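Chains as they are written, first to last, in the working numbering: chain A, 277 to 1080; chain B, 958 to 1090.
Treat the hints as calculated values from the structure; they're not laboratory data. Mixed in with the good hints there might be a few duds.
What the hints assert, rightly or not - Here are some chain B residues the structure puts well away from chain A; computed CB gaps all over 10 Å:
hint : residue
1    : Arg962
2    : Leu968
3    : Ser973
4    : Val1015
5    : Val1031
6    : Gly1035
7    : Pro1051
8    : Ile1077
Said to hold, decoys possible - Here are the computed distance ranges between Cβ atoms for each label pair:
hint : chain 1 : residue 1 : chain 2 : residue 2 : range
9    : B       : Gly1035   : A       : Glu950    : 32 to 40 Å
10   : B       : Ser1007   : A       : Glu1020   : 57 to 65 Å
11   : A       : Leu608    : B       : Ala1003   : 50 to 58 Å
12   : B       : Gly1017   : A       : Tyr849    : 33 to 41 Å
13   : A       : Leu653    : B       : Gly1035   : 22 to 30 Å
14   : A       : Leu653    : B       : Ser1007   : 20 to 28 Å
Owing to the predicted nature of the structure, the values given are computational and were not obtained by experimental measurement. By construction, the Cβ of each residue, glycine as well, lies at the ideal position given by its N, Cα and C atoms.
Each chain is listed here by its residues.
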Amino acid sequence: MASLGSALLGLAFLAALAAGALALAGRKGDERLLTLSRRTVYAFSGLIIACVVIIESAFARDDFSFNIVTQHSSIETPSGYKLAAMWSSQEGSLLLWALVLSLAASAALWATRHKLRDLVPWATAVMMGVAATFTGLLLFVPDVDPFATLDSPPPDGIGLNPLLQHPSMMIHPPMLYSGYVAFTVPFAFAIGALVTHRLDAEWIRATRRFALIAWAFLGFGLLLGARWSYTELGWGGYWAWDPVENAALMPWLLGTAFLHSIMVQEKRGMLKVWNASLIVGTFSMALLGTFLVRSGVLQSIHAFGDNTVGPYILGLIGVVLVGSTALIVSRLDDLRSPKRIDSLASRESVFLVNNLLLVGMTAVIFWGTFFPLISELFTGEKASLAAPWFDRYTTPLAILLVVFTGIGPLLAWRRVSWESAKRVFRLPLAFAAVVTVVLVLFSDAESNLWALALFAFAAFALAGLAQEFWTGAAARRRLTGEPGAQALVGLVSRNRRRYGGYIVHIGIIVLLIGIAASSSFQTNRDVELKPGESTVVDGRTITYVKPTVAVDAEKFTFGSVLRIEEDGEVVGYVRPSRRFFRPTGQESGTIGSFFAGEATSEVGLRPGPWHDLWIAEQPNIADVQRGVRLADQGFEECVRGAPGTPQQCKALGALMRAAAANPSLRAQASSQIEQVQSGAAEQVAKSFLATTAASTFKVIVNPLVTWMWIGGIIALAGALIALWPTRGRRRGALVRTEADARKEAKYREIRDAELDHAAGKLSDEDFAALDAELREEAIEILDGVGNGNGNGAHPREPEKAERS
Amino acid sequence: MDPQRKRKIRLVVALSTAVLLAVALIYTSFSASSEAKEPSELLGAAPGTSYEMTGRVVKGSIQREGNGIAFRVVDRDGSGQALPVTYTGTVPDPFRGGREIVLTGAMESGAFVGEPETLITKCPSKFTTKSDG
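Take these sequences, add in the hints, and give me the full structure.
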């Protein structure tokens, strides 16, 4: 099976090269070659899928002749985690990269099979170039061969680290990878657009969905990682500004900027250099994230050692950066837009500010992340920056982002008159003022002015968004006569991109409120309690009711039952515990071996809409460990036949000695040993139930942290809405040609303007001017369709002089 | 105002803001950072200065001491003289003998005293092919 896998991987590598070469050979529009190239990409996907199936079935069958299975799985590993164990290995995660890339490339080429004939060949070549690089690494770098076999397969594997056996760890890595990889598609099409001078918004329209999918995956991956850290790692935090976390956040921030600024190019034909640079930056950051995980260049809790593929990925980043920069510089003349931003009070200028803030934030994080290298370069000493430094810069930037997230949706495209601005800003500003006053009067939010500012601006932004939905629905009701709720649903489903985007905004703002509250107003205490004792943390009485113990073949669990009282009333019980594992892959041996492996905290969590009560325990098991040592010692003396040992013991000792000489007795001996040992282990562990020693409890009261997760889910839902194809398309009226796409886009713009006018965001005068402009542009496009050159290779940019 | 000139002014303002921000960034990062040291380099270090220590916990050296723990660390490659460390507060899950840790703190009478909440333990190396013992 392994050799079949290697052969398929080799074929996949050749297919990637062939697809790229065929695409370039057919770049002048040779239909046959292009179709062949596209089908070769599909074949590449098929081959990579087959490779993954072979590896996964080896995991499912516990085939320990595969090195990857021996290293990362074992017979006892729960079957769900067996399948997820593939990407806990370096070679497996590279294979996952290739798999996601192959699927994304196939989907992108399928979606563009009838359009963009000139730039698709170049995009294909770029995507397949990246694919060939990753497949080539798997094929030619010996350390990361996924099909490496062992000559003498062991009976059982090493297994998966218990810390990683958590549901979110099954999907966290593939989510992040899918995010990283999906950015390849818009990047490849951007390169195609640059090479072929097709610098209108077509490449953006063709790949916008991929960028949004990548963004959503990356964001969800980050959220899952934060959740895992919060509930599993026993330190109570969800973000540590660790280099690898930062490496995933940076492409997400740049991707956010990209998703906003491409709208300006789509609608106004501006910011072309910016967009091309942003997607190059985003893709490079995604590669950098992959590199950081692999290289160990920076000290990180995630730096996974092996250095073998790091240099190659660094090389790829170099090629991407140098090549793209050269390409952008050589196309600068074409990229310059004849248009200018009409007014500072317009949506596009807010987008520009938001972009600068996001890029600024990325620059800060980049500097902080790579500071150890920078500092070594200048001072010769590796020095690093801790969380407070990052917070100092990212906090004000995040608050400014919220401000502009609030302003942006209230402004119309192109320009806004003072009159309409006054109308749309009145309510959100009033709401923000009320919220600020209430917070100052009735909470202690003013003790942290940054947090207070964030809450105030978040209130402004949320009220603005609510007003958007309200006036939009009201306008639709007037236009269509639908009743209220139906008008709202109709509004969202007819304008999915816009209102889906607004829902994402709501989610992100809610998430930021959760972050601000939980990081600024957290109570964090370490307390020592003996059974029966109580303590008061932030108004809650916490009583250590009793210790608990559980024993099974792989772990000891020591924990406690804690009673929580608020205002003298029992509100619930929390059960934190700590698990002590035997070394991974070992299920028998001395009792002491239970303390030789990993230990994990099972956090006692009482989530709530206002506060999370989070408690982790470090049980005091000194007495138990003493008992364990005595028991192990006793067992050893007993089977050795020391004087005064019980009869049963002597018999077991005799059996063990016989088994040493006679292999057929071994099974019987080890089952008897296990019986005796497991009984003893249970007895010793149970002694913890009578403990009077004080355990250490880390108690955290985290305000509003639940809203972080809720906000994340809202944002994800918004992204899904924005992604969902519009109704017309699903009925089969697929937007097939570019001219159609351009026409659709222009119609959408006209509809948007009508909605803004009806919602009172555009004054009658502004609307009349804008509507006339847009209709003229639409007629130009329609003329193009009539003349049959709408599908041609020439960029058709409406070159009208704009008023400034 | 002449739109050309207006654009120029805007550009200058934006660029100066960016430069100012960059200067602040560079200045604070050099002053706020703590030097990274390995245990062997710290043994003779002056007390009081804050360092970020990266080392490997010596197996079997971890002991409870009051509300905290005491243990010894050696250089990451396992060499060098062991440095005694004390730390107050709860430790992250993956913390145990043989693991690499990153801890911020300062030397006090021959021992490295870690600041609470700064102990980072490297995740079990999920991606290495060697077992980490």
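Each hint, compared with the structure:
1. Arg962: Non-interface label on B:Arg962 holds, nearest chain A Cβ at 12 Å vs cutoff 10 Å.
2. Leu968: holds (12 Å)
3. Ser973: holds (14 Å)
4. Val1015: Given that every Cβ of chain A is farther than 10 Å from that of B:Val1015, nearest at about 15 Å, it holds.
5. Val1031: Holds, since 16 Å exceeds 10 Å.
6. Gly1035: holds (14 Å)
7. Pro1051: Non-interface label on B:Pro1051 violated, nearest chain A Cβ at 6 Å vs cutoff 10 Å.
8. Ile1077: Per Cβ check, B:Ile1077 is inside 10 Å of chain A; nearest 5 Å; violated.
9. B:Gly1035 x A:Glu950: 32 to 40 Å: Holds - the Cβ-Cβ distance for B:Gly1035 and A:Glu950, about 35 Å, lies within 32 to 40 Å.
10. B:Ser1007 x A:Glu1020: 57 to 65 Å: Given about 60 Å between the Cβ atoms, the range holds.
11. A:Leu608 x B:Ala1003: 50 to 58 Å: Taking Cβ atoms as reference, A:Leu608 and B:Ala1003 lie about 54 Å apart, which means the hint holds.
12. B:Gly1017 x A:Tyr849: 33 to 41 Å: Holds, at about 36 Å.
13. A:Leu653 x B:Gly1035: 22 to 30 Å: Since A:Leu653 and B:Gly1035 have Cβ atoms about 28 Å apart, the given range 22 to 30 Å holds.
14. A:Leu653 x B:Ser1007: 20 to 28 Å: Cβ of A:Leu653 to Cβ of B:Ser1007: about 22 Å, so the range 20 to 28 Å holds.
Taken one by one, the earlier hints fail for this structure at numbers 7, 8, listed in ascending order.
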